[in-house]
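Student: Take the sequences, apply the hints, and build the full model.
These protein sequence lines map, in sequence, to chains B and A.
With this note's numbering, letter number 290 in the first sequence gets 299, and the count goes up by one each step, no holes.
With this note's numbering, letter number 68 in the second sequence gets 195, and the count goes up by one each step, no holes.
No wet-lab data here; the hints were simulated from the structure.
Among the clues, some could well be false.
Here are the simulated DSS-like cross-link-like pairs (lysine-lysine), alpha carbons at most 27 Å apart as the crow flies [as the list claims (entries may be wrong)]: (1) B/K283 with B/K251; (2) A/K258 with B/K31; (3) B/K393 with B/K138; (4) B/K206 with B/K31; (5) A/K141 with A/K225; (6) A/K225 with B/K251; (7) B/K237 with A/K225; (8) A/K254 with B/K31; (9) B/K60 with B/K296; (10) B/K206 with B/K393; (11) B/K187 with B/K251; (12) B/K251 with A/K172; (13) A/K148 with B/K296; (14) B/K193 with B/K138; (15) A/K172 with A/K225; (16) A/K254 with B/K347; (17) B/K206 with B/K251; (18) A/K225 with B/K31; (19) A/K172 with A/K141; (20) A/K148 with A/K172; (21) B/K237 with B/K275; (22) B/K237 with A/K148; (23) B/K347 with B/K206; (24) A/K225 with A/K254; (25) B/K251 with B/K237; (26) B/K138 with B/K187; (27) B/K193 with B/K206; (28) B/K237 with A/K172; (29) B/K283 with B/K237; (30) B/K347 with B/K393; (31) B/K187 with B/K206; (32) B/K347 with B/K31; (33) A/K225 with B/K347.
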Amino acid sequence: MSQTVIPVGPFHPLLEEAEFFKIHVDGETVTGIDTDIGYMHRGHEFISERKTFTQSIFLVERICGICSTSHPLAFVHAVEDVDNIEIPDRAAYIRTLIGELERIHSHLLWLGLAGHFIGYDTLWMWAWKYREPVLEIFETITGNRNHYGMMRVGGVARDVPPEAVPPLLETLDMIERKMTMIAKAAADDPVLRSRLKGVGVLSRQAAIDYCAVGPTARASGLAIDVRKDEPKDAYGLVDFNKIVLENGDVYDKLVVRVLETFESIKIVRQCLEKLRSVTGPILNDVKEVAAGEGIGRYEAPRGEVFHYVRTDGSNRPLRHKVRAPSYVNIPTCEASCKGIPLADALITLAAIDPCYCCTERAVRLVDKQGVRVAADLLQLSREKTERLRRDVHG
Amino acid sequence: MAEKDNVLDGLESKIGRTVAKTGRVFFEVADENLSEVVRQLFFAKGCRLSTATATETHRGLEVLYHFSHDATGRYYCPRVVMTDRDQPRMRSIAPIVKGAEWIEREMAELFGITFEGHPRPERLLTKDHPKPPDRPLRLRRTP
Numbered sequence: 010m011s012q013t014v015i016p017v018g019p020f021h022p023l024l025e026e027a028e029f030f031k032i033h034v035d036g037e038t039v040t041g042i043d044t045d046i047g048y049m050h051r052g053h054e055f056i057s058e059r060k061t062f063t064q065s066i067f068l069v070e071r072i073c074g075i076c077s078t079s080h081p082l083a084f085v086h087a088v089e090d091v092d093n094i095e096i097p098d099r100a101a102y103i104r105t106l107i108g109e110l111e112r113i114h115s116h117l118l119w120l121g122l123a124g125h126f127i128g129y130d131t132l133w134m135w136a137w138k139y140r141e142p143v144l145e146i147f148e149t150i151t152g153n154r155n156h157y158g159m160m161r162v163g164g165v166a167r168d169v170p171p172e173a174v175p176p177l178l179e180t181l182d183m184i185e186r187k188m189t190m191i192a193k194a195a196a197d198d199p200v201l202r203s204r205l206k207g208v209g210v211l212s213r214q215a216a217i218d219y220c221a222v223g224p225t226a227r228a229s230g231l232a233i234d235v236r237k238d239e240p241k242d243a244y245g246l247v248d249f250n251k252i253v254l255e256n257g258d259v260y261d262k263l264v265v266r267v268l269e270t271f272e273s274i275k276i277v278r279q280c281l282e283k284l285r286s287v288t289g290p291i292l293n294d295v296k297e298v299a300a301g302e303g304i305g306r307y308e309a310p311r312g313e314v315f316h317y318v319r320t321d322g323s324n325r326p327l328r329h330k331v332r333a334p335s336y337v338n339i340p341t342c343e344a345s346c347k348g349i350p351l352a353d354a355l356i357t358l359a360a361i362d363p364c365y366c367c368t369e370r371a372v373r374l375v376d377k378q379g380v381r382v383a384a385d386l387l388q389l390s391r392e393k394t395e396r397l398r399r400d401v402h403g
Numbered sequence: 128m129a130e131k132d133n134v135l136d137g138l139e140s141k142i143g144r145t146v147a148k149t150g151r152v153f154f155e156v157a158d159e160n161l162s163e164v165v166r167q168l169f170f171a172k173g174c175r176l177s178t179a180t181a182t183e184t185h186r187g188l189e190v191l192y193h194f195s196h197d198a199t200g201r202y203y204c205p206r207v208v209m210t211d212r213d214q215p216r217m218r219s220i221a222p223i224v225k226g227a228e229w230i231e232r233e234m235a236e237l238f239g240i241t242f243e244g245h246p247r248p249e250r251l252l253t254k255d256h257p258k259p260p261d262r263p264l265r266l267r268r269t270p
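Tutor: Below is the structure:
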């Protein structure tokens, strides 16, 4: 039987990054998906082995533009794991604070993109509007809206000035109010619910088989979260919940991320409170790193970031392995996209919050109706939402 | 020293040189014993494969699989050493752990390792490349 292959890529029209999804369709039903990566292979591991540990922090920070503190954090965890290097208490709270602020802005970014994918542009405008104050918080604390350069082996580079804390708490209150508004509007919207409920289901067993991580795994009932499973920094000292849902569909992935944003706000508030009382240094002087092997990981907004470092006692790694969460989450689309209508494929692919620069393409569809491009898939997805909207609202 | 646990119980005869520290166990495994070790870690003990690392060392090429035991936050890392530098080959674990498919394809491409029994032995990074590289790019030596 002849099959049509819809190429999404090598440049994704909405996420604007390079990755090639070949969607196999039979009529309107997706029968399989094939992913090509390698379009953005930049050789970070190879370069890192030629740089010192401190230089590598800036290098790995540039692996991803969104979760730009997750990679440095996992990397310093790995180096610290080689030699059991301790960090000061104040540095632990600052690391956790930066990591959780990043989760808030990353989840808001995804929420906006998800809304845009299905033609719900109000959600997109809201989410991105209220992401902006988070980036401003970053600018206040670190001097940069992104690529903060905060992590160091043995602590952090910059302190959070005490006078910065009260305005940050006020901004956080505002973000929480707005998030509550967005969450309620999204939960109450019958169109959104019927558009996402039961779409692109990843079963619990498939999540285990594909070794899925992060919100993708947690929406399928796998209770894995590095922050709880191996608490580093201040994660063992703050109170928060692991958000786990059971259905594995796009709707549950959305709910996991929304609820996690509230948990992150909770953690940030606790860290800011603690920073009023916990004083002391922010960086332990690390003169040298012994020979050995170390594994560092961190729960990035998309899931577990993994770094492995092998050292020989010099100031640079002998071997540095990086594994971003999307690398294991993207193959799960093979399972979640099978059998779904083509109009749902784009949102299902987007639901794992793929980070292409971490891993590394939408496609040209050639069928009897002529040549269709990836932008048509977007149109297809939006038309479905519009149909549902008419059905619901009359 | 590593805490005492039962994840590796029953595998004592299959495990070679071991380096253990808090929360991390790195141990050598012969190629023929790898499947059994992986089955115990993945199916019996519920470990999750984070990824695998291939390294070029003075002994040859080695592949280190990183299994995360999420219930305890520990890592169990079986290491397979291949001394044949010209024709490095080992058994694939992808038929047991589906999540190992991509990383084994990547290691095969970048380090020239043949993974026997891999369900889809294709290139991962330069599959449709107009001019694919003529040698494994991460190797310092030319095979």
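Student: Take the hints in turn and mark each one as holding or not.
Tutor: Going through the hints against the structure:
For a cut-off of 27 Å, the pair hint linking B/K283 to B/K251 stands: about 21 Å separates their Cα positions. Proximity of A/K258 to B/K31 is assessed by CA-CA distance (about 21 Å); at most 27 Å being required, the pair is judged to hold. Pair hint B/K393 plus B/K138 holds up; C-alpha atoms about 26 Å apart against a cutoff of 27 Å. A hinted pair counts as satisfied when its Cα atoms are at most 27 Å apart, and B/K206 with B/K31 qualifies at roughly 25 Å.
Restraint check for A/K141 and A/K225: the C-alpha separation of about 23 Å stays at or below 27 Å, so the hint holds. Our distance criterion of 27 Å between C-alpha atoms is met by A/K225 and B/K251, whose separation comes to about 26 Å. Between B/K237 and A/K225 the alpha-carbon distance is near 25 Å, which keeps this suggested pair within the 27 Å criterion. Straight-line distance between C-alpha atoms of A/K254 and B/K31 comes to about 13 Å, which keeps the hinted pair within the 27 Å bound.
In summary, the hint linking B/K60 to B/K296 is supported, as the alpha carbons are separated by about 16 Å, within the 27 Å threshold. Note on B/K206 and B/K393: the hinted pairing holds, with a Cα-Cα distance of about 14 Å set against a maximum of 27 Å. A threshold of 27 Å between alpha carbons decides the hint, and for B/K187 with B/K251 the separation of about 22 Å falls inside it, so the pair holds. Proximity of B/K251 to A/K172 is assessed by CA-CA distance (about 22 Å); at most 27 Å being required, the pair is judged to hold.
Of the supplied pair hints, the one linking A/K148 and B/K296 holds, its CA atoms being roughly 22 Å apart against a limit of 27 Å. At most 27 Å may separate the alpha-carbon atoms for a hinted pair to count; B/K193 and B/K138 meet this at roughly 17 Å. For the hint pairing A/K172 with A/K225, the CA-to-CA distance comes to about 17 Å; that is within 27 Å, so the pair holds. Taking the CA atoms of A/K254 and B/K347, the gap is about 23 Å. The hint holds against a cut of 27 Å.
Annotation: proposed proximity of B/K206 to B/K251 holds, straight-line Cα distance about 22 Å (limit 27 Å). Only pairs whose Cα atoms come within 27 Å are accepted, and A/K225 paired with B/K31 is accepted, the gap being roughly 20 Å. Taking the CA atoms of A/K172 and A/K141, the gap is about 17 Å. The hint holds against a cut of 27 Å. Our distance criterion of 27 Å between C-alpha atoms is met by A/K148 and A/K172, whose separation comes to about 20 Å.
Distance check on the hinted pair: B/K237 and B/K275 sit about 15 Å apart at the alpha-carbon level, within 27 Å; holds. Of the pairs offered as hints, the one joining B/K237 and A/K148 holds, with about 20 Å between alpha carbons and a cut-off of 27 Å not exceeded. For the hint linking B/K347 to B/K206, the alpha-carbon distance of about 16 Å falls within 27 Å, and the restraint holds. Proposed proximity of A/K225 and A/K254 is supported: the alpha carbons are some 20 Å apart, at most 27 Å.
For the hint linking B/K251 to B/K237, the alpha-carbon distance of about 7 Å falls within 27 Å, and the restraint holds. Proposed proximity of B/K138 and B/K187 is supported: the alpha carbons are some 10 Å apart, at most 27 Å. The straight-line distance between the Cα atoms of B/K193 and B/K206 is roughly 16 Å, inside the 27 Å bound, and the hint therefore holds. Simply put, B/K237 and A/K172 have alpha-carbon atoms about 19 Å apart, close enough for the 27 Å limit, and the pair holds.
For the hint linking B/K283 to B/K237, the alpha-carbon distance of about 19 Å falls within 27 Å, and the restraint holds. Between B/K347 and B/K393, the direct Cα distance comes to roughly 19 Å. Compliance with the 27 Å bound is thereby established for this hinted pair. At roughly 24 Å between alpha-carbon atoms, B/K187 and B/K206 fall within 27 Å of each other, so this suggested pair holds. In summary, the hint linking B/K347 to B/K31 is supported, as the alpha carbons are separated by about 13 Å, within the 27 Å threshold.
The hinted pair formed by A/K225 and B/K347 meets the criterion: a straight-line CA distance of about 16 Å does not exceed 27 Å.
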